[in-house]
Every structure is written in structure tokens, then in C-alpha cells.
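Assemble the whole structure, with the sequences as input and the hints as a guide.
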Amino acid sequence: MTKTVRLTMAQALTRFLSRQMTEIDGRRVPIFGGVWAIFGHGNVAGIGEALYQVRDELPTFRAHNEQAMAHAAIAYGKASFRRRFMAATSSIGPGALNMVTAAALAHVNRLPVLFLPGDVFANRLPDPVLQQAEDFSDGTASVNDCFRPVSRYFDRITRPEQIIPALNRAMQVLTDPAECGPVTLSLCQDVQAEAYDYPESLFAERVWTPRRLRPDRNELAAAVAALKGAKKPLVIAGGGVLYSQASDELAKLVQGAGIPVCETQGGKSSLPDDHPLNMAAVGVTGTSAANRLAEEADVVLAVGTRLQDFTTGSWALFKNAGRTIIGLNTQVFDAGKHWALPLVADAAEGLAELGAALKGWKAPGAWTDNALKGKTEWQAAAAKVTAATNAAFPSDAQVIGAVQRAMGSAVTLLHAAGGLPGELHKLWQAGAPGSYHAEYGFSTMGYEIAGGLGVKMAKPDQEVVVMVGDGSYLMLNSEIATSVMLGLKLTIVLLDNRGYGCINRLQMATGGANFNNLLKDARHEVLPDVDFAAHAASMGAVAEKVASIAELETALAKAKKNDKTTVLVIDTDPLVSTEAGGHWWDVAVPEVSSRPQVNAARKKYEEAVGSRQG
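Going by full-length UniProt numbering, the sequence shown opens with residue 1, and the numbers climb by one from there.
No lab work stands behind these hints, which were simulated from the structure alone.
Computed from a predicted structure; not experimentally measured.
Hints are supplied without guarantee of correctness; some may be wrong.
[Unchecked claim] Calculated pairs, EDC-like style, for lysine to aspartate or glutamate (alpha carbon to alpha carbon, straight line, at most 20 Å): (1) Lys384 / Glu553; (2) Lys362 / Asp248; (3) Lys520 / Asp563; (4) Lys3 / Glu200; (5) Lys545 / Asp573; (6) Lys520 / Asp573; (7) Lys3 / Asp197; (8) Lys359 / Glu463; (9) Lys560 / Asp573; (10) Lys561 / Glu544; (11) Lys3 / Glu205; (12) Lys252 / Asp155; (13) Lys228 / Glu296; (14) Lys560 / Glu544; (15) Lys459 / Asp563; (16) Lys489 / Glu553; (17) Lys362 / Glu296; (18) Lys319 / Glu353; (19) Lys459 / Asp25; (20) Lys252 / Glu353; (21) Lys231 / Asp309; (22) Lys337 / Asp369; (23) Lys373 / Glu296; (24) Lys359 / Glu349.
[Said to hold, decoys possible] Quick list of the computed label-pair ranges, beta carbon to beta carbon: (25) Glu161 / Ser611: 53 to 63 Å; (26) Met485 / Asp248: 50 to 60 Å; (27) Lys558 / Pro460: 49 to 59 Å; (28) Ala534 / Val332: 46 to 56 Å; (29) Ala588 / Lys558: 23 to 33 Å; (30) Pro94 / Lys362: 55 to 65 Å.
The beta carbon of each residue, even a glycine, is placed where N, CA and C say it ideally should be.
Given below as C-alpha cells:
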């Protein structure tokens, strides 16, 4: 007879989570790094009590904002190359809805996180309960239905035994390279507290390791034939290279065949910046070296990338009309985009088999030499825009140069949204795989500081540097206090351009008037004068406002020696961005306007759209 143990649904859930394991470097470790929780109505009595019982095996961390704690959980999964991940639980209503933005972020970026929002009463007897949003036409609806379109798997637990199959499905999705993304188990609050006789086998320790899919013979043969016929081959390295931990296989392939490599935002650091064949960033925020090759390439091997518009220049970057794209990806949906030759496989396995099949074949020497020359030219251009300056309001690029000189490439650099991703993608010289951490798939303002906290939890021995603009900082900064509370040191460089500088530049580029982006151009009676250093210090951080690039470099050297989170604030110019590199991006300009600037921008837009090959 099956042995059982009587537990509440919430107790069964937390006990199960604590018994799931993985292997990293030959060592068995818990696959869940912990649970982020803000308790409230709908989760404090059920899952809150259950988490207390397993607090030694499954640590619980308290945050200050539900969206931020979910960002930290997601960043932990990304920094762990999706090998480990975290869960996040909230109350029903506003607590749950605060996490939906983070769920969308994880969904877009294909990152594992388990959401455990509280929900309404399954028995409906006390309805409407506190924080319940009633639907006049649907008695089964709850605000947690908002998680459905941004979850890879969603389940509402209305009976205690339903958690058994739901947990199995959750783990399958969280650990699957192709399906990986957010899972939401919506926990009806009365069911959290209901007991059931669960089979003891549910709580047996289980080890989950990545599935490494090998390529189909026919797809591999087609890819090899295309590459061997190439005169101008190019590799685009996406985030899948990092998640597969395929950097070594990528290096072997391109070194053996002499194929230049360029990197997406998600794939940057797949190869170190100083690798001779790494042309660095590609696309809208790309280097001149990478984009020139992409325009000419006749065969593009796209590895672990979803080929979004910033990578492809809205499909205007690849100008060779006879080009062939090979989509090496675990996800069929991505592998076949834009009529690509699909090569459905794990990145490491696929690259290894391609390398073996291509052994002895090399790209034409003139193409490789041309790439190396272009890299040298780009490095000179990048050095110029990142050089030290005495300007009162330095550019973002000059601040990046200061951070790079002071901190080196051994740090993990994190950023998201606004103007910094464009500049950092081009200019930051990444070192080890995973040392460049961008959230640009969903471009979520407010990710930076919480994300930095998650990275530090995943990589406690690493120096984690967060670069953030004033607009994003004002949206979500509360986890500075959490980082201090947990003793997890971050170095935060805050660039204050007094508004949303990136969008202001885009507004100007599309012919728009300066309107509602920079603070001076927004409706106001008094211009804000935020003392960011004082604000950060009030949350326990070491904080300083610096007046120049030289002062910033000195302050960064001091920050290295600090034992707690440091925030360094510097004023920057909102109008300057790096002109070198880059590419057109499809941002629709109004067809009719009373402003001549808009009409002129529309004419240029139509010309660009008309020249698009893809």
C-alpha cells in the first residue's frame, strides 16, 4: 500500500520544492535558490506558515516590492544560466498584479521563475474577499488570469490534490530548454490550508539536468552544405549560447573555420570581447565591424537567438538578397524564423557537430581578414568615444569608459532599458561568459537594481556593477535597502540626465518636438531637484555625488573596497549618443503632420522601408 503523509497543500508544495535538485560542476545542489515573499491576505496563513517549516532547506527572502522581488528571482535564473532558479509568492490582488510585468519579462527572455500568487477562495463562500476583483459575467475569473498570456504554464489550484500533477508539469517547463519560461501556480487561499494524504514518493529527492538535444541528420547535412558553400559566413551568438554554456564549442568552431562572430544583447559575452573573431554587438545597437559584415553575409548561422528587430535592424540589416539563414535553436518556433534552414538542437551539441563536419573547411581568407580589419577600426572609434573628458556633463559612453577602466572586465555588468543598453552593447568589453547581463528583451525600466541583487545572490563572489539612469532609478529603487539588509554588495552607477533621455532622442529623430520626456519639457511648476545620493544613503547604502569622470574613477576604486552597496551619482548629457555603429530601426513616423520636421522624417522613413530586403 502506498505510504502517505498528511499535509496541507501549501506544506506539500514547499516540501516538494525543497527536494528538487540539480548538478553543477559534479556537485548536487538545490535547484531552487529560495523563495521571495511579501506576505499578505491570501498567502501569509497558508504558504507563509509552510515556508517557515522549510526555512532551513528552502530560504525565504523578504523584499519591498513584488515586481522587484520577481525581477531579482528572474535575474538569479539568468545569471545561473537557467540551471537554478527561484520562486516568488504574493498576496492576491495588488501583490499578484505587481508581478505580472516581471512574468512578461521572463516570458520574453525565456527565463525560469515560479510564481505562487495567492488567489480567491475556491469554495467562494466568503466572496468577495479582500482584494478580490469581481467579474459580473464570470464567477471563475480572478486577477491572476492576467498571468495566463505571460506564463509558459498556468494552473489554478482549487483542490489540494491538484498540486501533484501541477508540480510535475511546472518542473518540466522550468527545466526544458525549448519551453523554458515563467510558471504560475495560482493558489486559492482556502486550498492552501486544506490537508490531503500525499504519497511520500512525491517528496523523494529528484535531480533535474539540462536536456541536450542533438541535431537531426538531415537538418545537420543541410546546414553543413550551406556553410561549405558560403563565401561570406557569419555567426550571430544569442542568449542560447550562454544558457547552453556553449562558449567553448563556439570558439572551436569559429577558430577552426575562420568565421567572424557577432553578438545579440542576450548573447554578449558568449566570447570575450578580446577574441579576435568577436565583432561584438550586432544590429540597431551594433558595432560598425559587425553590421558591415551582416550587410554582406551570404550565410548567417543564428545560434540561440530569437532574431528580434534590434538584432536584425527590423530585417533591413541583412542586405544580401541571396542570403541563407541557419537557425540553430532548441525551440522550433525560433529555428525556422524568416524561412531559415532549421537546425533544432542544443547549442553546444549543434556547434560541436557542425565543427566536426566542417573540419578542414575554412571561410575565404579575404573575408576573415576583412573582419579583423573592421574590428581594429571599430576599436579605435570606441576608444575615442569612451576616453576620459573634463566635460561638465559627460556622455553615457564616457561614463562607460570610466567604469571599464576602474572596474575592468572581471565584473558582472548589469543594465536594462533606456539609452544605456545601446551604448553598453557596443562599447562594454565583456570578459567571461555571463559577465554582461542585459534585460533588453522586454526593456523593463526598474529591473536594474533588483536584477543586480538577483545576480549577486547567484554569484556571491563576483563584483556586480549596476548601471542605471535616473528615470529607471525613480521607478524602482527599493531593493537597495534589501541588498543592505542581506549583506549583498552592489556597485550602482546612476547616470542623471534629468529625464528619459533615450526616448527624447528617439522623439527628436522621428521629427517630434521635445515633449514630456526630459523633466524640463514636461508640465511642471517647479523642476524636480532629486538628491539621489541622499536618497540612496537613507536606505543604508554608501552614496556619493561625483562631479567629473576623474572623480567617478576615484570613487569606483573606493567602492571596490566597500563591504556594502555603494551608489555613485553623476550628471550626464541627455542629448549625446555614440554615432559610430548602429543601424536603422523601424519606428513608424506619422504620415500626415503640420510640422515640417515630421514630414521630413517621414520621407526618410519611407526610403528606409523601401530599401528593406527582409
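Taking the hints in turn, this is what the structure says about them:
Using a Cα cut-off of 20 Å, the hinted pair Lys384 and Glu553 holds, with the two alpha carbons roughly 18 Å apart. Of the pairs offered as hints, the one joining Lys362 and Asp248 holds, with about 18 Å between alpha carbons and a cut-off of 20 Å not exceeded. Of the supplied pair hints, the one linking Lys520 and Asp563 is violated, its CA atoms being roughly 37 Å apart against a limit of 20 Å. Between the alpha carbons of Lys3 and Glu200 the distance comes to roughly 6 Å, so the proposed pair stays at or under 20 Å and holds.
A C-alpha spacing of about 16 Å is found between Lys545 and Asp573, which places the hinted pair at or below 20 Å, so the restraint holds. As the CA atoms of Lys520 and Asp573 are separated by approximately 13 Å, the hinted pair is consistent with the 20 Å bound. For a cut-off of 20 Å, the pair hint linking Lys3 to Asp197 stands: about 9 Å separates their Cα positions. A C-alpha spacing of about 39 Å is found between Lys359 and Glu463, which places the hinted pair above 20 Å, so the restraint is violated.
For the proposed pair Lys560 and Asp573, the alpha carbon gap of about 26 Å is over 20 Å, so the pair is violated. Distance check on the hinted pair: Lys561 and Glu544 sit about 15 Å apart at the alpha-carbon level, within 20 Å; holds. With a C-alpha separation of about 16 Å, the suggested pair Lys3 and Glu205 falls inside the 20 Å cut-off, and the hint holds. Between the alpha carbons of Lys252 and Asp155 the distance comes to roughly 43 Å, so the proposed pair goes past 20 Å and is violated.
Restraint check for Lys228 and Glu296: the C-alpha separation of about 17 Å stays at or below 20 Å, so the hint holds. Distance restraint check for Lys560 and Glu544: the Cα-Cα separation of roughly 14 Å lies within the 20 Å cut-off, and the hinted pair is therefore satisfied. Restraint check for Lys459 and Asp563: the C-alpha separation of about 16 Å stays at or below 20 Å, so the hint holds. Restraint check for Lys489 and Glu553: satisfied, since their Cα atoms lie roughly 18 Å apart, inside the 20 Å limit.
For the hint pairing Lys362 with Glu296, the CA-to-CA distance comes to about 18 Å; that is within 20 Å, so the pair holds. Between the alpha carbons of Lys319 and Glu353 the distance comes to roughly 29 Å, so the proposed pair goes past 20 Å and is violated. At most 20 Å may separate the alpha-carbon atoms for a hinted pair to count; Lys459 and Asp25 meet this at roughly 15 Å. About 11 Å separates the Cα atoms of Lys252 and Glu353, which keeps this hinted pair within 20 Å; it holds.
For the proposed pair Lys231 and Asp309, the alpha carbon gap of about 25 Å is over 20 Å, so the pair is violated. A C-alpha spacing of about 30 Å is found between Lys337 and Asp369, which places the hinted pair above 20 Å, so the restraint is violated. Under the criterion of a C-alpha separation no larger than 20 Å, the hint pairing Lys373 with Glu296 is consistent with the structure, at around 15 Å. Our distance criterion of 20 Å between C-alpha atoms is met by Lys359 and Glu349, whose separation comes to about 15 Å.
For Glu161 paired with Ser611, a C-beta distance near 60 Å keeps the hint of 53 to 63 Å intact. A hinted range of 50 to 60 Å is violated for the C-beta pair Met485 and Asp248, which are about 38 Å apart. Taking the beta carbon of each, Lys558 and Pro460 are about 21 Å apart, not inside 49 to 59 Å as hinted. Range check, Ala534 to Val332: Cβ separation about 52 Å, and the 46 to 56 Å hint holds.
Hint check: Ala588 to Lys558, Cβ distance near 47 Å, so the stated range 23 to 33 Å is violated. As the Cβ distance of Pro94 to Lys362 is approximately 59 Å, the hint placing it in 55 to 65 Å holds.
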